[in-house]
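Visitor: Build the full structure now, drawing on both the sequences and the hints.
So the chains spell out like this:
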Amino acid sequence: MQCGDFRVTYADDERIFDTRLPIVGIVALLGLLALMPLVAGTYWLDVLNRIGIAIIGALGLNILVGFTGQISIGHAAFLAVGAYATAALEAKAGLPFWLAIPLAAVVTSLFGLVFGVPSLRLKGLYLAIATLAAHFITTYGIIHWEGMTNGVLGFNVLPATIFGFPLDSDARIFYLIFALAALAVFFTKNLFRTKVGRAFIAIRDRDVAAAVIGVSLYRYKLLAFVISSFYAGVAGGLMAHHSRIVFPDAFSLLVAIDYLAMIIIGGMGTILGSIYGAVFMTLLPEVLKLSATSLTGVYPNAFGLIASARDIVFGLAIIFFLMYEPQGLVRIWLRFRSYWKLWPYAY
Amino acid sequence: MSPQLVFLLQLVITGVAVGAVYSLMALGFVLIYKASTVVNFGPGELVLFGAYVAWATILNMKLPVMIALPLTLVVAILLGLVIERGVLRPLIGEPIISVIMVTFGFASVVRGVLNMSWGSDTRPFPALFSSEPFHLGPVPVSPVHLWSFVTVLVLLAAFSVFFKFSLVGTAMRATADNQQVAQSLGVSVKGVFALSWCIATVVSALGGIILGSVRGGVDFSLADYGLKIFPVVILGGLDSVAGAIVGGILIGVLENLSGGYLDPILGGGVKEVAPFVVLVFILMIRPYGLFGRVDVERV
Chain A
-6 MQCGDFRVTY ADDERIFDTR LPIVGIVALL GLLALMPLVA GTYWLDVLNR IGIAIIGALG
54 LNILVGFTGQ ISIGHAAFLA VGAYATAALE AKAGLPFWLA IPLAAVVTSL FGLVFGVPSL
114 RLKGLYLAIA TLAAHFITTY GIIHWEGMTN GVLGFNVLPA TIFGFPLDSD ARIFYLIFAL
174 AALAVFFTKN LFRTKVGRAF IAIRDRDVAA AVIGVSLYRY KLLAFVISSF YAGVAGGLMA
234 HHSRIVFPDA FSLLVAIDYL AMIIIGGMGT ILGSIYGAVF MTLLPEVLKL SATSLTGVYP
294 NAFGLIASAR DIVFGLAIIF FLMYEPQGLV RIWLRFRSYW KLWPYAY
Chain B
12 MSPQLVFLLQ LVITGVAVGA VYSLMALGFV LIYKASTVVN FGPGELVLFG AYVAWATILN
72 MKLPVMIALP LTLVVAILLG LVIERGVLRP LIGEPIISVI MVTFGFASVV RGVLNMSWGS
132 DTRPFPALFS SEPFHLGPVP VSPVHLWSFV TVLVLLAAFS VFFKFSLVGT AMRATADNQQ
192 VAQSLGVSVK GVFALSWCIA TVVSALGGII LGSVRGGVDF SLADYGLKIF PVVILGGLDS
252 VAGAIVGGIL IGVLENLSGG YLDPILGGGV KEVAPFVVLV FILMIRPYGL FGRVDVERV
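Residue numbers (my numbering), protein chains in the order written: chain A, -6 to 340; chain B, 12 to 310.
Everything labelled a hint here was simulated from the structure, so no lab data went into it. Glycine included, C-beta positions come from ideal geometry on N, C-alpha and C. Heads up, some of the hints might be wrong.
Stated by the list, open to error - A few chain B residues that don't get close to chain A, going by computed Cβ distances all over 12 angstroms: (1) 86; (2) 125; (3) 158; (4) 189.
What the hints assert, rightly or not - Distance ranges between label pairs, derived from CB positions: (5) B:133 to A:99: 54 to 60 angstroms; (6) B:70 to A:86: 51 to 57 angstroms; (7) B:13 to A:294: 57 to 63 angstroms.
Guide: What follows is the structure, given as structure tokens:
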């Protein structure tokens, strides 16, 4: 057990993990996940896949909002651009998915660069309102640029294929999604050990002070938008391949709010928080669905109320977390862990 | 008069009428912002709430309009009190992102409750005004638009008198100007916060009722009208009541003109997006709007 912080070399200081236990835990978790497609049913694999995609998207949003402090209500627009770009590159240009998704992510990054320009002039509330407007403008563009996006009809996406092997079921695409999710977590973890990540945090904490000590706000704010939208582009591309259909309604304002709720409930400005939030927000409707199924015996109409019950529970969860646990599930987990660490000799 | 000119005038008149409703709803938004620097990201749901409660009391419970409308407003006031006391007061002094998200949170709850109570089908809304158009010179004007415009003007005049002369109105202006000074002079700042939320829910409910009767039906797409508040308040200035009124009418006219002239060229939907394009331009050029206060930031 770790009983103190004894860093005596620079190498110690730069280590990602202080002890070996988390490494063992992560390897065990990855091993467990790798076995999932063999044991889990289609339903739970579908849920797991959506969790994996949400993790990538939430990490992207957390880099922008939680770590850099630039409030964005436009994440759904990024996801939409990622999904549409992937679908269009495959359908119109005939690219394979392993080229289409990275290219779509680059396209989304460029889009994020433009999206981020208002952040140079605006912050806080005004930026939030600007990104809200940008969301509506993007949605309009997607619906009306029919030559490229097929308008409201959208695309039917063919399954991703590796060496002639189609990833056409939840079990098959699972490995692709979770490999990318693991890569995203790893990249984010390392991002915040670099100069760039530290500049992001400095901008969040006090942007004017950060500028005074030599952080170029111009460069790093835009870079935060670019990185964030790159993640969203990948997540959008995976969404296109997971649901195999892309249409405008899948990227409404409510999706952007869902992602904001993920990072708030999970924990703003933490990597673990993005993961917890993604798991929580994806499982919430499933839990409601399951409880409605079990309630149909008592109350036959229970299933019809799921949509509204979801809205209510979702809203209450946001309000509850902001009031009583503003640092999110991560904070609960840390408290829980430190309680058991020294149990039963807490003092 | 040439048909082109009639078309133009008709667009402008409709725009002014709808814009007046935007002004009314934006007024509530600006009052909240002035009093407590909270930006309400759920204005659409407040509009929906008013429209649905009015529909339920008039058509579902078959109450006469003269009883149903005041009842709707009382329910709206209660909603305002619940939101302020239950959700926003505990978050005074929290970061902006928390306050923004909590308004999304209660908006989601309101939407869920409405959906659970009455479902999401389109409901016919009682026509509060006759629909026979009359002619103002050569231009046909629908009475719904005229009456909604008059209603809004009367309400705005009443609010101006209230802020200018009544004790409570003065207290609200004092709080907006400087919370600490107002508090030390005996103004209940929390009371002012609560009151500003009540006014916001009431004007949003009125906006919902007027929009419902203009459209002849209520459904969840009414909430989109609530979001038009953002272009209005950014154009007028987030903390300016006069700005909200001028901005509302300008945005109303602008969206109608762009819809009328650009829709045939660009293929529909311009009306919905034009206000947001304007919003982005104003934010880039003059973020504090026409009449807003310019903030200077220090480290």
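Visitor: All hints, please: hold or fail.
Guide: Verification of the hints:
At roughly 18 angstroms from the closest C-beta of chain A, the C-beta of residue 86 of chain B stays outside 12 angstroms, upholding its exclusion from the interface. Listed as outside the interface, residue 125 of chain B is inconsistent with that label: its C-beta sits roughly 8 angstroms from the nearest C-beta of chain A, within the 12 angstroms cut-off. With 12 angstroms as the threshold on Cβ separation, the claim that residue 158 of chain B sits away from chain A holds: the shortest Cβ distance comes to roughly 30 angstroms. Consistency note on residue 189 of chain B: stated as away from chain A, and its beta-carbon is indeed over 12 angstroms from all of that chain's, at 20 angstroms minimum.
Checked against the hint of 54 to 60 angstroms, the pair residue 133 of chain B and residue 99 of chain A fails, with Cβ atoms roughly 43 angstroms apart. Judged by the Cβ atoms, the range 51 to 57 angstroms given for residue 70 of chain B and residue 86 of chain A holds: they are separated by roughly 54 angstroms. Take residue 13 of chain B and residue 294 of chain A: their Cβ atoms lie about 58 angstroms apart, and the range 57 to 63 angstroms holds.
Violated hints for the displayed structure, listed by number in ascending order: 2, 5.
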